[in-house]
Amino acid sequence: MISKERRDPLFLIYNSHKRIKMKYQESIITKLTLANAAQLVSNVCSEVLNTTDSVDNTVGELPLNEEMLCQLAQSSFQGKIQNLIKGDSNAQ
Amino acid sequence: MLNKKALDSAVALTDYLDEKGILVVAVKGSPLDVLTQHCLNRVSAADSTEIFDNDKLFDCATSICSVKGYDEHGVDLQELTKKVSESVRNHLAHARTIVVPEVTHFVDNITPVIDEISRSPLHEIEIVQNASYGFMLEPALLDALEKYKDVSVLDVTMNFCHGTRTDEQVLALMKTGSVTLDETVAIYCSKLSAGTLQHVWETMFTNIPQQDGDEFKTFQKLINEELYSVCRSLITFLVAKNLLANPQEDAGLPLATYNDLLQQYVEQSALGLLRAKYRLELADKIGYLVDKVVKKDGFVKIYVNPTLYKKWINEGGDNEVLFGLSLVPNASYKVSDINENSLNLKANWQRHVVMTESIVRLKKYNKVRDILSIEFQTYIQGLSSSELPFENREQVINRFNKSLECTKSDEVDNIYQLVLKLICHARYPQTSAYFILTTLDKIKKENPTMQIKEAAAIMTAQYIANWVGSMFRVSSI
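For the protein sequence lines, the chains are A and B, in the order given.
Quick note on numbering: the first sequence equals residues 1 to 92 in my numbering.
Quick note on numbering: the second sequence equals residues 1 to 477 in my numbering.
Certain hints may be false.
[Unchecked claim] Which stretches of chain B does chain A cover? Using the computed rule of at least three CB atoms under 8 angstroms from a CB of chain A, they are: (1) 30-41; (2) 315-325.
[What the hints assert, rightly or not] Cut-off 30 angstroms, straight-line C-alpha distance, at most; resulting in silico cross-link-like pairs (DSBU-like, lysine-lysine): (3) 421(B) - 86(A); (4) 80(A) - 149(B); (5) 56(B) - 80(A); (6) 86(A) - 444(B); (7) 444(B) - 80(A); (8) 402(B) - 86(A); (9) 83(B) - 28(B); (10) 86(A) - 20(B); (11) 408(B) - 444(B); (12) 82(B) - 80(A).
These aren't lab readings, by the way, just hints derived from the structure by calculation.
We treat Cβ as the ideally placed atom computed from N, Cα and C, and that holds for glycine.
Just chain B, with the same shape it has in the complex (with noise of 0.2 angstroms):
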């Protein structure tokens, strides 16, 4: 029997469709067609001329044939609930037990490969700012330095077989007896990232393989190589002052050799940190703004002054002036011509952004499908004729690839999605799980706290109205 919550649900959309000038019928013979026509059977049976309201039409569309004398409309219902709720139940069941977890191994394997393009190049870029050598403004260590300005540069062979040392055990080598000095040595070393001192002291003492192969580089390429120069020749000059004063017994030499050698060690590294403190003064002076640019393996790095930096930050300096002038060969550096370009090379950057961003996404969009296409191979060869039957491969494979054909560019953006939509179309086309799985999806977008459970319970409920909204017909009146 009709139900009366039913009947009131319908009044506001009926209204709206009446003053729209819309009439709404089932499809002819449809279960809807059915249920309807009961109702409008009563209604007609009553042959009334007054004009219902709901209640008055509830009562009628309700009331029982005298000719049959049993509620038609109930049994067709009850009959019409169980049948269509059983195949509701296993379409929500394919969809979650067979295809989800489809989609999802498919994605897996796909994911890293698909992480490795989207890399865009405009994330690889970085400002770095040069870290503080507080220990350079220490009377004790300019004292200890200045009395080797004069020395000539020679490349020192390195000849220890000293065993390895800790961290904390090199830092307690680099000790000077000044307090002030030691503290800000400290300090310095605290930010090196762990295993740094170590490193310096198995390169500079000892004959231990190191991964990246800094025991085959010389003396001095040590200690003027870009961005280590200035940390690797404290750690030397610290360390090897030291050991002046306490040799080690792992030396492995004699002890005559090895005084000669630590001596040249001071000598050499006290010069690296001298040139080290002449180029902070000069950039100080002059006002470079960037110390260096450094692309390596597709990374950026802007190494700027600090102390300039943040004055020049605060003055509204914008970080797109650095990176646009990352673009630029030979470029100055200096603050002032940094200023004056300022515009050209904010300019150059938005420029390098945009077209960047277009080739990007047009490389990932051709990729994406390239490799959808190869993965979608791979994965209907390793079904079983259960799953696929061989004869059914080559139509499968055809309608993944019309579908992929017709992927638009932004929709590689969600992999979940066009994966869910390209297996669904091509293997389980017959079915509603892209309906019931983007449905769910779509809910639980639009109300992010709601639990999956609810949100699988709207969707069931629009699953099902989506189904008898296609027993509609709808006609001008």
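Just chain A, same shape as in the assembly (with noise of 0.2 angstroms):
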């Protein structure tokens, strides 16, 4: 039986509402998380292919700048996700 409030209108809306903001703000703490951890990334590269002789900062012509590195890193990430989340579905 479903109770009286939950067959109210403004319940129902309240409620999604309620449910896309627990989803934006899910999505901001993952996007911050990876944004960070690709500065991370490119904030270290940089250093150490800036002092290290026996690397290059390029690859081909293109100069590795931060942008390139954070996508670099974000790539990386993807393939590292996924298998801490077959890994998750493994344990379960």
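Both chains come to you apart, so use the hints to assemble them.
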């Protein structure tokens, strides 16, 4: 039996907003986590490449700039996260 | 302060994860968590009810805390970057200057043995087209040989004591005066390996010791020996005929004895050539595709009649049929019989290939593991106590043997990678050397034209990303 409150249209709208807001907040957490992670990779990598003789700070004709390093980092993260998801589902 | 480019780079992956219902957070208390929390605190402080776009989110996440009055994120990020980059540099230098030379030295030591055991008998079989004996069709030679067809076989005493002669000098002694015969002989001799004419001269006309011990063989043995009979008979015949007309001063024999001996050389080598001519005619007439199969020191050579072989290949003949033939004892070498049994012969060979490959692989796998184990013991013994303290050695050897036990059979095909894995696991389990060097190798393989320094730059980014990624935790929304 559905409670009177749950049949109330205002309650349903409120609940739907709450879910959207929660998802939005989680999305921000993911985005800021990934952004900070990429920035850390970019900063450390630039620091290492600028002070190490054995490595080059270019790839072909392209310089390994911040943008490129962030993109490289994100593609590494994607693989890493997929492994974590697989690990989680295996654990379940 | 968080960088806009870093935030923009996260958009695509965040959208993808949102769609899948996956939340990514930093492990509580990790350096990444500290940095992310600074941004999240600023966003929470904004306490806005509206949904931010990326620019607004950036403005909010990078705003400076009015209470503290400085960029906490920037300070922490700078400090962390300094600390981590120092550690990354050390790991890279360790992999490059310690691990790589050790692995290379180890691999260099075992490579000759590994190459030896990697030899597959399947690669040691070849088809050799018999030399083309154009001179056998020369009337000048055939007329000269005809005179000796009724001579009895005799083993000639080899008493000549001439000095040595070069290939060119021997070729000059083979001149007959017939322009076409001399040209044909010269073409034939030019295809022989360097030193052959000199070697035959020294064996037949001198008492100079030979490395292969040919000087201990009898005249008949030398003239009739498989593979060399035609070559030796031809050289001996033409040279002996020439010497009869023009005796050499360094023979070491009285002239009468010298001439008698040369006459016997001419007669017996002529018989050798006549026998060879008969064999060639018979082979063509009967249709012998294969002349002989010679198995020596693990190598198999299938000698074929060049004219028939070319015709047979043009008509669709398959070398695997001949390889299969080499496995059958007392097989018929006639082209008609070979064609009749071609399916069986080919199937024989293919079965042999499968079995041999499997045996070779298994033997190699076992032998490589034995070699690695022995070499590692030697390698450990060669290390000083400062390189590896004595009390840690047993533990290192145990780790090596444990890794070696788990080695898969296909891993022995890439010895460098295998040794790298074993040494890193045994000697440097606490370092990132294995990740660094295998990632570099993978990047180089995937981008063969990329320069090593560029590959190293990408590897460095991936190495750092791997470490940063280890601070992620995922959950379903």
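Now for the hints, and whether the structure bears them out:
Three residues within the 8 angstroms Cβ limit are the bar, and the stretch 30-41 of chain B against chain A gives 6, so the coverage statement holds. Coverage of the stretch 315-325 of chain B by chain A is violated. Counting CB-CB distances below 8 angstroms, 0 residues qualify, and the rule asks for three or more. Only pairs whose Cα atoms come within 30 angstroms are accepted, and residue 421(B) paired with residue 86(A) is accepted, the gap being roughly 25 angstroms. This hinted pair does not check out: residue 80(A) and residue 149(B) have alpha carbons roughly 87 angstroms apart, beyond 30 angstroms.
At most 30 angstroms may separate the alpha-carbon atoms for a hinted pair to count; residue 56(B) and residue 80(A) meet this at roughly 29 angstroms. Distance check on the hinted pair: residue 86(A) and residue 444(B) sit about 28 angstroms apart at the alpha-carbon level, within 30 angstroms; holds. Distance restraint check for residue 444(B) and residue 80(A): the Cα-Cα separation of roughly 21 angstroms lies within the 30 angstroms cut-off, and the hinted pair is therefore satisfied. Between residue 402(B) and residue 86(A) the CA atoms are separated by roughly 27 angstroms; this keeps the pair inside 30 angstroms, and the hint holds.
Only pairs whose Cα atoms come within 30 angstroms are accepted, and residue 83(B) paired with residue 28(B) is accepted, the gap being roughly 20 angstroms. About 13 angstroms separates the Cα atoms of residue 86(A) and residue 20(B), which keeps this hinted pair within 30 angstroms; it holds. Proposed proximity of residue 408(B) and residue 444(B) is supported: the alpha carbons are some 23 angstroms apart, at most 30 angstroms. As the CA atoms of residue 82(B) and residue 80(A) are separated by approximately 24 angstroms, the hinted pair is consistent with the 30 angstroms bound.
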